[in-house]
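*Asks:* Chains C and F, in that order, are what the protein sequence lines are. In our numbering, each residue's number is its place in the first sequence (first place is 1) plus 148. In our numbering, each residue's number is its place in the second sequence (first place is 1) plus 148.
Because the hints were derived from the structure by calculation, they are not lab data. Nothing false has been slipped in among the hints.
Identical copies look the same in the list; a pair holds intra-copy or inter-copy alike.
Each computed DSBU-like pair below joins lysine-lysine, with the alpha-carbon atoms no more than 30 angstroms apart:
#, residue 1, residue 2
1, LYS459, LYS511
2, LYS364, LYS239
3, LYS525, LYS571
4, LYS571, LYS446
5, LYS299, LYS336
6, LYS571, LYS336
7, LYS214, LYS364
8, LYS571, LYS269
9, LYS336, LYS446
10, LYS573, LYS433
11, LYS573, LYS364
12, LYS259, LYS239
13, LYS364, LYS210
14, LYS446, LYS573
15, LYS336, LYS573
Bear in mind that the values here come from a model prediction, so they are computed numbers and not experimental data.
2 protein chains.
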Amino acid sequence: MHPNDPSLRSFVDVAPDSDFPIQNLPYGVIVTSDDRRPRVAVAIGDHVLDLGIMEDAGLLPKVSAKPVFRTPSINALMENGAYGIGTVRRKISELLRHDNPVLRDNGVLHKRALVPVRNVKLRRPVDVAGYTDFYSSREHATNVGTMFRGKDNALGENWLHIPIGYNGRASTVVVSGTPVIRPQGQVKGPGDPAPVFGPSRRLDIELEMAAVVGRKTELGHIMDVAEAQYSIFGFTLFNDWSARDIQQWEYVPLGPFQGKAFASTMGAWVVTNEALTPFLVEGPKQDPAPLAYLRQDKPHNYDIRLEVELKPASATRGTIISVSNFKHMYWSSAQQLAHHTSSGCAMSVGDLIGSGTISGPDKGSYGSMLELSWGGKEPIELVEGGTRTFLEDGDTVTLRGYAQGAGYRIGFGEASGQIMPAKVKSK
Amino acid sequence: MHPNDPSLRSFVDVAPDSDFPIQNLPYGVIVTSDDRRPRVAVAIGDHVLDLGIMEDAGLLPKVSAKPVFRTPSINALMENGAYGIGTVRRKISELLRHDNPVLRDNGVLHKRALVPVRNVKLRRPVDVAGYTDFYSSREHATNVGTMFRGKDNALGENWLHIPIGYNGRASTVVVSGTPVIRPQGQVKGPGDPAPVFGPSRRLDIELEMAAVVGRKTELGHIMDVAEAQYSIFGFTLFNDWSARDIQQWEYVPLGPFQGKAFASTMGAWVVTNEALTPFLVEGPKQDPAPLAYLRQDKPHNYDIRLEVELKPASATRGTIISVSNFKHMYWSSAQQLAHHTSSGCAMSVGDLIGSGTISGPDKGSYGSMLELSWGGKEPIELVEGGTRTFLEDGDTVTLRGYAQGAGYRIGFGEASGQIMPAKVKSK
Numbered sequence: 149m150h151p152n153d154p155s156l157r158s159f160v161d162v163a164p165d166s167d168f169p170i171q172n173l174p175y176g177v178i179v180t181s182d183d184r185r186p187r188v189a190v191a192i193g194d195h196v197l198d199l200g201i202m203e204d205a206g207l208l209p210k211v212s213a214k215p216v217f218r219t220p221s222i223n224a225l226m227e228n229g230a231y232g233i234g235t236v237r238r239k240i241s242e243l244l245r246h247d248n249p250v251l252r253d254n255g256v257l258h259k260r261a262l263v264p265v266r267n268v269k270l271r272r273p274v275d276v277a278g279y280t281d282f283y284s285s286r287e288h289a290t291n292v293g294t295m296f297r298g299k300d301n302a303l304g305e306n307w308l309h310i311p312i313g314y315n316g317r318a319s320t321v322v323v324s325g326t327p328v329i330r331p332q333g334q335v336k337g338p339g340d341p342a343p344v345f346g347p348s349r350r351l352d353i354e355l356e357m358a359a360v361v362g363r364k365t366e367l368g369h370i371m372d373v374a375e376a377q378y379s380i381f382g383f384t385l386f387n388d389w390s391a392r393d394i395q396q397w398e399y400v401p402l403g404p405f406q407g408k409a410f411a412s413t414m415g416a417w418v419v420t421n422e423a424l425t426p427f428l429v430e431g432p433k434q435d436p437a438p439l440a441y442l443r444q445d446k447p448h449n450y451d452i453r454l455e456v457e458l459k460p461a462s463a464t465r466g467t468i469i470s471v472s473n474f475k476h477m478y479w480s481s482a483q484q485l486a487h488h489t490s491s492g493c494a495m496s497v498g499d500l501i502g503s504g505t506i507s508g509p510d511k512g513s514y515g516s517m518l519e520l521s522w523g524g525k526e527p528i529e530l531v532e533g534g535t536r537t538f539l540e541d542g543d544t545v546t547l548r549g550y551a552q553g554a555g556y557r558i559g560f561g562e563a564s565g566q567i568m569p570a571k572v573k574s575k
Numbered sequence: 149m150h151p152n153d154p155s156l157r158s159f160v161d162v163a164p165d166s167d168f169p170i171q172n173l174p175y176g177v178i179v180t181s182d183d184r185r186p187r188v189a190v191a192i193g194d195h196v197l198d199l200g201i202m203e204d205a206g207l208l209p210k211v212s213a214k215p216v217f218r219t220p221s222i223n224a225l226m227e228n229g230a231y232g233i234g235t236v237r238r239k240i241s242e243l244l245r246h247d248n249p250v251l252r253d254n255g256v257l258h259k260r261a262l263v264p265v266r267n268v269k270l271r272r273p274v275d276v277a278g279y280t281d282f283y284s285s286r287e288h289a290t291n292v293g294t295m296f297r298g299k300d301n302a303l304g305e306n307w308l309h310i311p312i313g314y315n316g317r318a319s320t321v322v323v324s325g326t327p328v329i330r331p332q333g334q335v336k337g338p339g340d341p342a343p344v345f346g347p348s349r350r351l352d353i354e355l356e357m358a359a360v361v362g363r364k365t366e367l368g369h370i371m372d373v374a375e376a377q378y379s380i381f382g383f384t385l386f387n388d389w390s391a392r393d394i395q396q397w398e399y400v401p402l403g404p405f406q407g408k409a410f411a412s413t414m415g416a417w418v419v420t421n422e423a424l425t426p427f428l429v430e431g432p433k434q435d436p437a438p439l440a441y442l443r444q445d446k447p448h449n450y451d452i453r454l455e456v457e458l459k460p461a462s463a464t465r466g467t468i469i470s471v472s473n474f475k476h477m478y479w480s481s482a483q484q485l486a487h488h489t490s491s492g493c494a495m496s497v498g499d500l501i502g503s504g505t506i507s508g509p510d511k512g513s514y515g516s517m518l519e520l521s522w523g524g525k526e527p528i529e530l531v532e533g534g535t536r537t538f539l540e541d542g543d544t545v546t547l548r549g550y551a552q553g554a555g556y557r558i559g560f561g562e563a564s565g566q567i568m569p570a571k572v573k574s575k
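If we strip away everything but chain C, and leave its shape as in the complex, we get (with noise of 0.2 angstroms):
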């Protein structure tokens, strides 16, 4: 059977809400307090399958001849291939099934591989090589246009017609649970005679999904849209902290730099591709049409729901401040990676293309704190009084997802990160 196939079950404990059922298999690294040398590992319900040990025990396919498990990240599974991707998926999912009793009934093996994920810590699962952010929402990019351009000038001439990008910091992509320190930075008002430096007030976050290129290309290589989509090996949660007052005073005309490069956390679990290739679903109507290069004859979206939850640090429960959905996205993943691709710019197993801020049509579905708070002007009410415009320190955001399958679902886990003081100088 396909791992895909719904009927399929575990012979581990899957709750009906969780994240990670058979159907899943989403790739983490993790470290446990007996072994300090990380590995690859997938989820299964509330533990996780160490495929460090399944390599060591030779139950997984030799994709390689060098360990593709037993590494630091998802990198090296990744560089072997959709043959040896595929040809892994399919047996660990064979591994899991009830009916299997290899690794079900083998004592010693079971106890040893199947670890409960509170006996782990995730680290970041991807080697981050390069790192693209893009602006693909219509809904948010008409939003933050009306805010710091005018109603006039909010989507740019140039916005129907390509898929906005520009390239982001990976050295400070983080795994979920690393704390954020507040950035510091230049500032301006448009009152002010001079600009200052000091922290940010003005702390956001951004609601996104960042799609992990799982194979490398030459310089000079141009990708189809449906060589894009092929070479996506996952998607992660991804939330693109911004400084919304360091970004405006610095990014004309080269765009976002220091506003922007202080952290970006990614979720801790990457969700195959192929796990989600039942949640296709058509994007919005793209009128004008692309150009050639940027055609799809297929939908390349994903119905996946998608939350934001803000916990101030007193608070005993966080709000969910938006409810979203990765459909809503005008470009696809799989074009703005054939777009990134157009002028021959060579890509790298490990980048990450971040889809740009989802927002949904109405505001219940903003995925910045910019557009709940309509630039600070309407505070967004927490469930045990309160309200935020911008982020305070202390405060802890989580972004979870879901796509819903026949009893089940593909979750993603959670992206979360709180807010740390600013490490101001004394002078």
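Starting from the known structure of chain C, arrange chain F on it as the hints suggest.
*Replies:* Frame of chain C, contents of chain F only:
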């Protein structure tokens, strides 16, 4: 004696106008026909000293438990910090002195380790972690701003306060000598009804220097300018090829992307910051005074003469189309790097910090063809007849540069690339 001492001489012949006297000792990475394993070398006159062989012979200080020279980049050397780097340069200088018999009189070693540069192939010397490009020549920013946005908006409100920069694409930084494929992309002229996709018709160069970052920092660490200066391992020539037509249509609001993603050419030799110390000079006066985090109390500009040669495929001689100087930069590389960390952005060993196009005050010193031909309106005359506004297929562009000492030059070799036709698919 200090390795920079002007009186030093080597037993290796060095012509007076050579880029590579014993006072220089720039690092590169070589392979040879009899040994395809890349390793680190220094240039001396028309030869290179193979540091892999010197390391094997036990003649270099051991700065690390792992090999630092039998590696495919200079990153391992840089990771060993300023102490290790200084020790190594002193030792190499000693070994190459005219009065030191150790290498000079060891016939076998001499022959093996000192290889004519024509017998080696130079590889990209740096494993490029991230690539950031700045926009820090006031003349260049004013010229381009005038052409793209009109005279009144030429220099943005933020330009005199922030070293404006953006993230570039690290995967397409190539070493001197690598052919550059003419990029394709979306372009739309002001009068065109819709964009079209095709080969760029305004392919340009940018005369730059790139600083190579030699120290890793953690998230949240902010460098002051003095620390930034100390964190720069060295400099190399840098050509940030630019497709102006693609750039113009794509760059609002998030900055350059595919217009620059197809290739950037770095020199094969990285000249150490230490070797350049004698050539530190004051930059242009900064008014208004920079904010405290950007203040420098010492000169951080360098007096490095730079030139650009353009040679059509059919020509026997190239034309020097620009003579500029690195000293013209308004913002120093140290200020750029300090600003880069101002948000807490983590830096990596092997990050490249492009200076931005280095234009001098007069027309013969502009660092791009966009400026030299004033947007294509004033064609550049070539010495053998003919003109250029932008680059044609077959053209070779070569950057060169050196600092002039008393009786010697600290030179950079060259950063060269020939334009290949676009790879247009027939459909």
